[in-house]
Amino acid sequence: MESGSVESLDQLPPALLATIMTKLDISSICSLAVTARTFNSCASHILSFLPNFHILDISPSTELIRPLLPRNPFLQSLKLDCGQLNDSSIELLLRPSLQELCLHNCADFSGKLLSEIGSRCKDIRSLFLGSVAEKRGRAIHISDLEELLGGCTQLEALSLMFDISLFLRHNFARVWTLASEKLTSLEIGYISSVTVTELLSPNVGPHQCPNQIRPSILPGIQKLLLSVDYITDTMVGTISKGLVLLTHLELRDAPLIEPRITFDLTNSGLQQINQHGKLKHLSLIRSQEFHITYFKRVNDLGILLMADKCANMESICLGGFCRVTDSGFKTILHSCSRLYKLKVSHGSQLTDLVFHDIAATSLSLTHVSLRWCNLLTNHAIRSLVCNMGLKVLDLRDCRNIGDEALRAIGSLCKLKMLLLDGTDISDVGIAYLQHGIIGSLVSLSVRGCKKLTDKCISALFDGSSKLQLEELDLSNLPNLSDNGVLTLARSRVPISELRMRQCPLIGDTSVMALASMQVDDDRGHGSSLRLLDLYNCGGITQLSFRWLKKPYFPRLRWLGVTGSVNRDIVDALARNRPFLHVACRGEELGTDPWNDLDGSDMHDYEELDELEQWLQEREGESDDEEMEDAEDDAFVVME
Amino acid sequence: MKSTPKKIILRSSDKEIFEVVEAVAMESQTIKNLIEDVSSDDVIPLDNVTARILAKVLEYCKKHVDAAAANENKNTTDDELNAWDADFVKVDQNTLVDLIMAANFLNIKSLLDLTCKTVADMIRGKTPEEIRQTFNIKNDYTPEEEEEVRRENQWAFE
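If you're matching them up, the sequences are chains A and B in order. Whatever position you read off the first sequence (first residue = 1), add 2 for this note's numbering. Whatever position you read off the second sequence (first residue = 1), add 5 for this note's numbering.
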């Protein structure tokens, strides 16, 4: 080693290059390998001791990842989109050294995946499995879950994001006794509330000997996240009584029909929450996925009874509580002095009065979401912004929020995410953001704010200094034209996600402008966009597709277009860019559908029709025939 | 027990002399081992580090020694130190590479981690062309080799 002779990176000794490269993700390592021979040999070398292997933005095939996953006794964390993998990849993926395993889109795997994890990955601490065996012909058996739970004795966090009610019928309680004592976090994609109740119930059956003590089920659970059919009093009561260490409870239901009283949450159910006093985070959401329905049997009394016990709560999310009035919501704000996150959706009776004297509390809210609260007006926002530490503000579909609210919001210097879909704002309001928060905003959505024109783009992006905006949603704006997009492209704002769905005036010029956008001098032309949604934009023709091919948009991973117009061209594009997810049927695009963005649900995955969501996971793979078969399957599954 | 802290004398490759308190010098495992072996008041020669880089390295060590001492009295925060570190590595590329080499030779783990992480951050998310441009890397592939390696790794940068 001589001093002063090392002029550039590639002249560093291999050991130091390895030190740098092990701090990189696998795709950056592969990108670096292409630059020069030294890096290529270094990359091959470090594959055998790389601790993390994460590929989530594309669905790699076995052929692609096999050379990247040699024998590696140091591999601790594996996260993968398994859309193109199946049981034959199990041996490649599952290693005894793994402590963290996160596999998404496992529809083509069978339950063998679970049993093999139980036998091969005994040291695992954190496990996430998405959509296992959802494809027709694949099955999971209860024995697979038994082997998983029995084998992984160190398991601390488990997420089974699929419908476990399909195989979890009898003797299910016995299965969960096999779970590691260290299990503190459990998340389940779908389970029936009856199963949950019976699972956590202290009574095994009518013939139980009174002296027989049954081992407690899941005693260490602190965090429980469940999607069920109906949130019921019995289930909530059983959970609250049975899990003594519970700090974090998230329940979501999606009723198929109007719930009967025995299958619903009422005031007495709410009263039972937090029996052991440790609860800090509570989320109760009734989704409108299958049926327009609400928590009609809960009113202010229920909220009062609950708030009585919840002085230590830090986050509360209530979705579908249409009978709760200002009294109830105000009680929450005044009882929970440590509250930092408040989310209310379908608060049809929530008015400005809730926030009227919020300045008198000592609250420092950071995340506020008030969705479909149509009685809210600008006054509420003026009161709300006394919480200067607000980072996330979601006012989607509050029809009466307008420009004056934005004047108040403009003072929130820590705001990172602002969602204003469907509100009554205009260019004037947007201009209030210009000299303040636009500099700190990371995510902005004005979908469906029909009064907005190109002027709002100039207001936001003309001559602004260093912007941090990464996500921008300008969908459903009938007056947004190519000129607006030209302004955006010229401004060099480093956006990675741009949605302009259903904008009739957006056309080829916009695509060209975005394609030649240069963000900074470090990166070449071709823009930083990873996601571009142009579904149903009026002026998109064949010409755009020439600009969507390589080498333009080098980072693009998600593209939304209207496929029915130019089917052949779309297919050609998909061939030209094999790692691009192309959505042609108007599905919402997602880069991280499993990353819930602090729970703000920006892209509303839970609102998507289940069939659409299921189809979205298969986009770009099947031809139309298979798609029809698959649609039939989905209906069978949903029954 | 001496009343003033012991000073260590270091000499860079270009013969410049640096005098630092022992605690600062001992941030470097290499120097620490040398002191323990030699145990005299001789000058310690560091033939692999130039004066310019050694000055920067010693600045880093002093800041971290001071911060650790203040931390015992709960006077500084990690945030302040991290901000200082972030500014410290805002240097030109050659200096950054030299700092990596020096941190490696002098065996200062935290500085090595910091500088390597900085370089990693400059690489992350870039296409091969952008990386070459940022770091002035010479493309030493033959055209056939390059085509093959690009094809193999195409998924990473499209």
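Just so you know, these hints were derived from the structure itself, not from any lab. Being a predicted model, the structure only gives us computed values, none of them experimental. Virtual Cβ for every residue (Gly too), placed ideally from N, Cα, C. Among these hints, one or two may not hold up.
[What the hints assert, rightly or not] Only pairs whose alpha carbons sit at most 27 Å apart, straight line, appear in this in silico BS3-like list of lysine-lysine:
{"#": "1", "chain 1": "A", "residue 1": "81", "chain 2": "A", "residue 2": "184"}
{"#": "2", "chain 1": "A", "residue 1": "81", "chain 2": "B", "residue 2": "95"}
{"#": "3", "chain 1": "A", "residue 1": "114", "chain 2": "A", "residue 2": "184"}
{"#": "4", "chain 1": "B", "residue 1": "95", "chain 2": "A", "residue 2": "416"}
{"#": "5", "chain 1": "A", "residue 1": "552", "chain 2": "B", "residue 2": "143"}
{"#": "6", "chain 1": "A", "residue 1": "25", "chain 2": "B", "residue 2": "114"}
{"#": "7", "chain 1": "A", "residue 1": "468", "chain 2": "B", "residue 2": "122"}
{"#": "8", "chain 1": "A", "residue 1": "25", "chain 2": "B", "residue 2": "143"}
[As the list claims (entries may be wrong)] Some residues of chain A that are not near chain B, with every Cβ distance over 12 Å (derived):
{"#": "9", "residue": "12"}
{"#": "10", "residue": "21"}
{"#": "11", "residue": "24"}
{"#": "12", "residue": "25"}
{"#": "13", "residue": "327"}
{"#": "14", "residue": "455"}
Hints versus structure:
no., hint, verdict
1, 81(A) / 184(A), "holds (22 Å)"
2, 81(A) / 95(B), "violated (32 Å)"
3, 114(A) / 184(A), "holds (24 Å)"
4, 95(B) / 416(A), "holds (25 Å)"
5, 552(A) / 143(B), "holds (24 Å)"
6, 25(A) / 114(B), "holds (15 Å)"
7, 468(A) / 122(B), "holds (23 Å)"
8, 25(A) / 143(B), "holds (22 Å)"
9, 12, "violated (5 Å)"
10, 21, "violated (5 Å)"
11, 24, "violated (9 Å)"
12, 25, "violated (4 Å)"
13, 327, "holds (43 Å)"
14, 455, "holds (34 Å)"
Of the numbered hints given earlier, the model fails hints 2, 9, 10, 11 and 12; all others are met.
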